[in-house]
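**Student:** Sequence:
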Amino acid sequence: MTALRESTLPFPLHARGKVREMYDVGGDRLLMVASDRLSAFDVVMGRPIPRKGEVLTAVTRWWLQQFGDLVETHLIAGDPDTIIDHVPALADTRDQWAGRALLVRRTEPVPIECVVRGYIAGSAWREYAAHGTLAGEPLPGGLRESDRLDPPIFSPA
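Take 3 as the starting number for the sequence shown in the working numbering and just add one per residue.
Calculated lysine to aspartate or glutamate pairs in the EDC-like style (CA-CA distance at most 16 Å, straight line):
(1) K20 x E8
(2) K54 x E8
(3) K20 x D44
If you anchor each label on the Cβ, the simulated ranges turn out as follows:
(4) P142 x E74: 34 to 42 Å
(5) S125 x P12: 39 to 47 Å
(6) P154 x F69: 15 to 23 Å
(7) G124 x Q98: 35 to 43 Å
(8) E110 x V46: 24 to 32 Å
(9) L40 x P154: 17 to 25 Å
Keep in mind that the hints were calculated from the coordinates and are not lab data.
Quick caveat: nothing in here was measured; it's all calculated off a predicted structure.
Using N, Cα and C, we set each Cβ at its ideal position, and we do this for glycine too.
Work out the full structure, taking the sequences as your base and the hints as a guide.
**Tutor:** Shown next, in the form of structure tokens:
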């Protein structure tokens with residue numbers, strides 16, 4: 003199975019991130035394509051994981067659909083046929099992006115990053131060891147590094 007390191011579509015490249023490319027497909031729309039590149043700790047690893055982009059896209063689409071009733075999102079379409087209905091010029095390159103792309107509205111991002119922590123490790127452990135807190139909130143005493151947090155804790159990153 004071949005991994006997709008990078009998409010190359012015949013549209014202007016709006017942005018390239020660690021694992022995604024964003025193409026300007028006209029109007030206020032962008033096509034967000036998830037590659038199979040692997041990123042950890044802000045470093046792109048040398049070896050991609052086949053179909054990883056498809057999984058990322060499916061998870062992103064699921065969450066956007068869950069929140070769609072609560073707040074307007076940038077999602078226009080995720081189904082390849084529906085994407086082509088909106089942007090017919092994408093039909094010839096369908097094999098490169100189908101299952102790994104979302105058609106979205108161009109928006110201004112809200113710079114929020116958060117983490118759901120199930121274990122007290124890494125930077126969470128360092129803060130707890132020094133101050134007894136996580137994201138400034140007190141935690142019970144006596145926790146050891148890598149102890150399970152039950153329930154998990156939602157915190158800013």
